[in-house]
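Please model the entire structure based on the sequences and the hints provided.
Below, each chain spelled out in residue letters.
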Amino acid sequence: MKFDENIKKSLNLANNATAVTDATFKGLLENCFSVLTGLPEPHNVTNLYNSKPDLVKELYAALLSITAEFVRSGQKSDSIRDFLNKCGYNEAKISFYTDLYDRNREEIEGSLINVGSHLPHITDVTWKIDYIIKSSCVDASEGPLFRIGLQTEKYNSEIGGKKVELVNFTCDSQELQDLVYKLKDAVRHCQRIGSEH
Amino acid sequence: MEEIDAIIIDSLKNLHCDFEDDVTSLKHFDADMVVSAISRCLEAMIPDTSFPKKLPPSMSIKLKITSSLAARDDIGYQTILYCNEAEIRRVLMFLVERLPREASKVAHVEQTGYVPTLVKEIEQKVRGSLQQVWVPSCVLRNGFRRNEGLFFHSFGNCRPLKGVKLQVPFTSRSYSDEALKEYWVRNVPVVTKQCEVEELLPSLLFKDCLISSVDTDLRNCFKVASHREEITPLKSSELVQVKMPEVTEESESEQKLQALVDDVKLKKEECVELDKKVKSYESQLEQLAKSRTEEEETLQTLLSQVNLKSKTLTVISKEENLQKLKNMIEASRNKLVNLTEQWKSIQTPLLEEYKSLQNAISSKDLKQQQEQDKFKKLEETHKTLNTDLHEKTQLEDQLRKKLEQVNKTNTRSGYTRRILEIIGNIKKQDEEIQKILKDTREVQREISSLTGQVDRSFTLADELIFRDAKHDETARKAYKLLAQLRDDCSVIIKAVTDLGAVERECRNLQEQIDSETAKESAVKLERVNKDLQEMKKETETLLKQT
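So the sequences go chain by chain: B and X. For what it's worth, our numbering labels the leading residue of the first sequence as 16, then goes sequentially. For what it's worth, our numbering labels the leading residue of the second sequence as 4, then goes sequentially.
Incorrect hints may have been included.
[What the hints assert, rightly or not] Okay, derived cross-link-like pairs now, BS3-like style, lysine-lysine, Cα gap no bigger than 25 angstroms in a straight line:
{"id": "1", "chain 1": "X", "residue 1": "K377", "chain 2": "B", "residue 2": "K101"}
{"id": "2", "chain 1": "B", "residue 1": "K199", "chain 2": "X", "residue 2": "K128"}
{"id": "3", "chain 1": "X", "residue 1": "K370", "chain 2": "X", "residue 2": "K380"}
{"id": "4", "chain 1": "X", "residue 1": "K379", "chain 2": "X", "residue 2": "K395"}
{"id": "5", "chain 1": "X", "residue 1": "K165", "chain 2": "B", "residue 2": "K17"}
{"id": "6", "chain 1": "X", "residue 1": "K379", "chain 2": "X", "residue 2": "K367"}
{"id": "7", "chain 1": "B", "residue 1": "K24", "chain 2": "X", "residue 2": "K386"}
{"id": "8", "chain 1": "X", "residue 1": "K282", "chain 2": "X", "residue 2": "K293"}
{"id": "9", "chain 1": "B", "residue 1": "K101", "chain 2": "X", "residue 2": "K395"}
{"id": "10", "chain 1": "B", "residue 1": "K108", "chain 2": "B", "residue 2": "K67"}
{"id": "11", "chain 1": "X", "residue 1": "K282", "chain 2": "X", "residue 2": "K268"}
{"id": "12", "chain 1": "X", "residue 1": "K196", "chain 2": "B", "residue 2": "K24"}
{"id": "13", "chain 1": "X", "residue 1": "K184", "chain 2": "X", "residue 2": "K168"}
{"id": "14", "chain 1": "B", "residue 1": "K17", "chain 2": "X", "residue 2": "K377"}
{"id": "15", "chain 1": "X", "residue 1": "K168", "chain 2": "B", "residue 2": "K67"}
{"id": "16", "chain 1": "B", "residue 1": "K108", "chain 2": "B", "residue 2": "K24"}
Since the hints were made in silico from the structure, they are not lab data.
Shown next, in the form of structure tokens:
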């Protein structure tokens, strides 16, 4: 966990008791955590400006940045306490911060996880069996044909959310068996990892 | 007995039997507890099996369960349902002795370190996620849920990493620009308003644009590039604009005109060339003028030198002047030497001072460097010690917890002490028993000697009186009385021995009675009767139902 010196300087602004009162600091923190968890801001920031809007803006940005960075690097509240101590915060501010942090950490982790590119996620399967009775091709495979449709979820930038897409494929019974065995193998492997010790 | 009960209850509690804390001996066990204890033990011994832990209210099912449990050992349903303390103790001792040992073994020391803890965390997560109940992903917000930890199901909501360059005021830098300050105070929106909510996190964490406007080197680079561009544009040279003459009717005149135009063009070109020539000549002229002035200057300097030299020659030609000059040179030389000596005398202490000062500075620098190094090292050690301390405290906590568990389960020294005490007690009791045996043997020996004495004294008296009876009438009477006395005495002795036997029998019977009353068979019989009636009722209801 390494931060720019500039961010530390920005955080130091909170020690300026005239520009940033305790109420302002608390309001900023509450705003910060609810924004990072994806909720609307509980306080209007313009009401927190007091006499120095630029200071408050800077402090707010710094608080948001360090909170995101703390969660990203999975910090415990002890090390956060150390860091804020170095920034010269008093005990009341630190405990207020760590309280909020402990309460919201998992939610913010959730929002962090939702940043990134991933393969589509399977949610459901539809299937049906076809049987070739007569074919004009000589080398057409015999036996039933399985038509599998994997229902997947993928992020769609047009909607700005997840969209259900169908991945369709066809296979014969041997290939299907192979697929099922491989899936079962994966499940067994997971269970073995979970059951050791 | 209490010791054994404590051990049994302790090991049963280790098997997660939820007994009340005030249960301290097997006397307090009822049928329910016995069932749960036995089934837990059997589950621990035979993996992948499950037995009922509680008895249902219905009597017949009770009977079924208990007989199924009892079928595994040499006990019957009656042992469980109508429990007898001694029998339960026997059964539970048998089961506890056969429990697998691994469960009670002291847990192995866990490794600490990044990779083992990571692997352990992965295992825990996989285990946790395998135990989760399936939930359709459309129900979940953001594709995850919280249930003793985070569990991710769907990455369908994941938007690709894309940030925005955020404008953040930076007030600690001194305001060089009032307009910038005004912009920060009035116009810049708060960071949360500068981008969409979803884009905020990536923009905060990752700076897209690493090039900052403050970088002077970069600015210079850009300046050079733009300078070159200014040079390249073509000179829009004085393109000759030729007015086309007006068209006349005759082609001849046109031709003439054309010829004239060509002529004019030629003339123009010639003119341009001549212009160029003029320019070049002019430049040549300038150069020539320059060189001329230079030459003139050199000429003048040479002339002045010549003048000086001729003057000196005239001066030197006289003898006196030469001598004077020589003297002057000597004097000035001496003066120079003096001055250098003086300079040296002044310079040396100053130089020394300078050197010493420099040395002092360098030594100070060195010291500072060393101290800085020391400080850095100390900081590093502080950091490592801190992390060490953290790990150690965690380990300590874990170990303490384990110690508590171990203390609860395994007071080995206590047990051995108790066992030793018990052995001592047994020895004492053995000694007492030996003493009592000796006593009884002595008493028996006494009794036998006494009976022998009695017999012998009788026979002696008999012989004596029998000898006298032939002659004496009173002696005959006495003999008769003796015989009677003998009979009576033997009757008394017999009565005494009989009394002893009866007393012994009495004691035996009393013991039997005590043991029977301990079994509480009357109460149990009542319970059995009640259960039987219940069974009958249940069968009746079942019959009615069918």
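Tested hints:
{"no.": "1", "hint": "X:K377 to B:K101", "in the structure": "holds, 21 angstroms"}
{"no.": "2", "hint": "B:K199 to X:K128", "in the structure": "holds, 19 angstroms"}
{"no.": "3", "hint": "X:K370 to X:K380", "in the structure": "holds, 15 angstroms"}
{"no.": "4", "hint": "X:K379 to X:K395", "in the structure": "holds, 24 angstroms"}
{"no.": "5", "hint": "X:K165 to B:K17", "in the structure": "holds, 22 angstroms"}
{"no.": "6", "hint": "X:K379 to X:K367", "in the structure": "holds, 18 angstroms"}
{"no.": "7", "hint": "B:K24 to X:K386", "in the structure": "holds, 23 angstroms"}
{"no.": "8", "hint": "X:K282 to X:K293", "in the structure": "holds, 16 angstroms"}
{"no.": "9", "hint": "B:K101 to X:K395", "in the structure": "holds, 24 angstroms"}
{"no.": "10", "hint": "B:K108 to B:K67", "in the structure": "holds, 20 angstroms"}
{"no.": "11", "hint": "X:K282 to X:K268", "in the structure": "holds, 21 angstroms"}
{"no.": "12", "hint": "X:K196 to B:K24", "in the structure": "holds, 23 angstroms"}
{"no.": "13", "hint": "X:K184 to X:K168", "in the structure": "holds, 19 angstroms"}
{"no.": "14", "hint": "B:K17 to X:K377", "in the structure": "holds, 22 angstroms"}
{"no.": "15", "hint": "X:K168 to B:K67", "in the structure": "holds, 23 angstroms"}
{"no.": "16", "hint": "B:K108 to B:K24", "in the structure": "holds, 17 angstroms"}
No hint from the list above goes unmet by this structure.
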